[in-house]
Amino acid sequence: MDWSDEGIVLAARKHGEGSAIVTLLTRSHGRHAGLVRGGAGRRQRGVFEAGNRVTATWRARLSEHLGTYSCELVESVAASFLDDRWRLAGLSAACAMTDVVLPEREPHARVFEGSLELLAALKGWDGAAGGGDGGHGGSWPALYVRWELMLLGELGFGLDLGSCAATGENDGLVYVSPKTGRAVSSSAGAPYRDKLLALPRFLTREAGTEAAEGVSPAEIRQGLDLTGYFFARHVFAPESRPMPSSRSRFVEGFR
Amino acid sequence: MIGTEIERLIQLLAKLPGLGPRSARRAVLYMMKRRETVMTPLVKALAEAAEKIVTCHDCGNLDTVDPCAICADGRRDPTIICVVEEVADLWALERAGTFKGRYHVLGGVLSAIDGMGPEDLNIAGLIARAGEAGLGEVILATGATVDGQTTAHYLMERLAGCGVTVTRLAQGVPVGGELDYLDDGTLSAALKARRPF
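Those protein sequence lines, which keep their order, are chains A and B. Quick note on my numbering: the first sequence kicks off at 1 and runs consecutively. Quick note on my numbering: the second sequence kicks off at 256 and runs consecutively.
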């Protein structure tokens, strides 16, 4: 059996001398691994850098086999910002998180589309014009936080940030309940503020307004702490797995 | 059919990079036919290498002496250190013959996939060397890959307080390369790093 699909390279592990086991996030087949013969060799190695966009053809005798990939590079994403540590850290974190948390061979078209959007934002962001704070600000870190929220939602642990869990009001939302994942207003949450998680202001606004309104590094850190808490609680702790080190390093950059 | 000693030799050779069981068999037959000229010197060289080769405590290079010949060479510039991922990269730079400073071998790169963190690399040794008096420049010669450059950025951050100039290798058009055959990433890196002619 075989299929062809668009894919984003998540990881490439060397297998044997010249081959690689490549994990792609594909549009219709989800996170899917396959063997690439010669994938770790001089000619093809560059194709399988994390974040690169490829067109992939997967072949195997039976669907449950690992199978082999043949891939063609569509877009080399990371190459344009290898000199930007923050964007590189963001890309590594996104690829590692997808590789670690997403179940294999389960289509998640929203994650694929969201990842494409994130890659485009990473590639298109101009550090010189985007805020002058070394890549900490700008809109792509905010998009990364929203991407993690979407990933949580796709895994079945979505947060409800639309209205207050206690009063139902839509204004003044500044906390998130660590138990329910629902937003809490400042008035309702005041007595429990030590136990509640901070809800960054930009997450209460509509997506896409970050570039115009600006998001501070402190807000990004709050957003990453928020998603990190629920990833740790629902995804990593039950399996006694640590958070990917690349995400931890990315978050450290905002401290 | 084949004696156990020969079979064992074939199995061991087949584990080497670039060799499979068939090529290992050919290599064994070749050596058997040339015992005096190939096999005996090879055995001697292997035994000597296994006994004498050590890792240099200063830079992480492999040599028969510690500190290695490069670190001990007084003609080399002690004010510049070139940081490489593996010993193979050090050898590649030595083949080029243009770098006359000293090296530091990290022993890999930061990689979430392979579970390589800062504590798994020879970073503490580099920071200690960077703090020594007289060092002026650290060249980060890690690969132009996501992991390689992530490692370079991490090292740059760690070296920030050491008072040394941190540089890295250029990226762009290789010697003998034609633009038509270059990937868009290399081309954009080359354009970004353009300089007055």
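Don't read these hints as lab results, they were simulated from the structure. Some hints here could point you the wrong way.
[Claimed, not checked] With a cut-off of at most 27 Å between alpha-carbon atoms, the simulated DSSO-like pairs for lysine-lysine come out as follows: (1) Lys179/A / Lys195/A; (2) Lys288/B / Lys299/B; (3) Lys307/B / Lys123/A; (4) Lys355/B / Lys299/B; (5) Lys14/A / Lys270/B; (6) Lys270/B / Lys288/B.
As the structure is a prediction and not an experimental result, all values here were calculated from the model.
Each hint, compared with the structure:
1. Between the alpha carbons of Lys179/A and Lys195/A the distance comes to roughly 10 Å, so the proposed pair stays at or under 27 Å and holds.
2. Annotation: proposed proximity of Lys288/B to Lys299/B holds, straight-line Cα distance about 17 Å (limit 27 Å).
3. With a C-alpha separation of about 50 Å, the suggested pair Lys307/B and Lys123/A falls outside the 27 Å cut-off, and the hint is violated.
4. Distance check on the hinted pair: Lys355/B and Lys299/B sit about 32 Å apart at the alpha-carbon level, beyond 27 Å; violated.
5. Between Lys14/A and Lys270/B the CA atoms are separated by roughly 16 Å; this keeps the pair inside 27 Å, and the hint holds.
6. Our distance criterion of 27 Å between C-alpha atoms is met by Lys270/B and Lys288/B, whose separation comes to about 22 Å.
When each numbered hint is compared with the structure, violations occur for hints 3 and 4.
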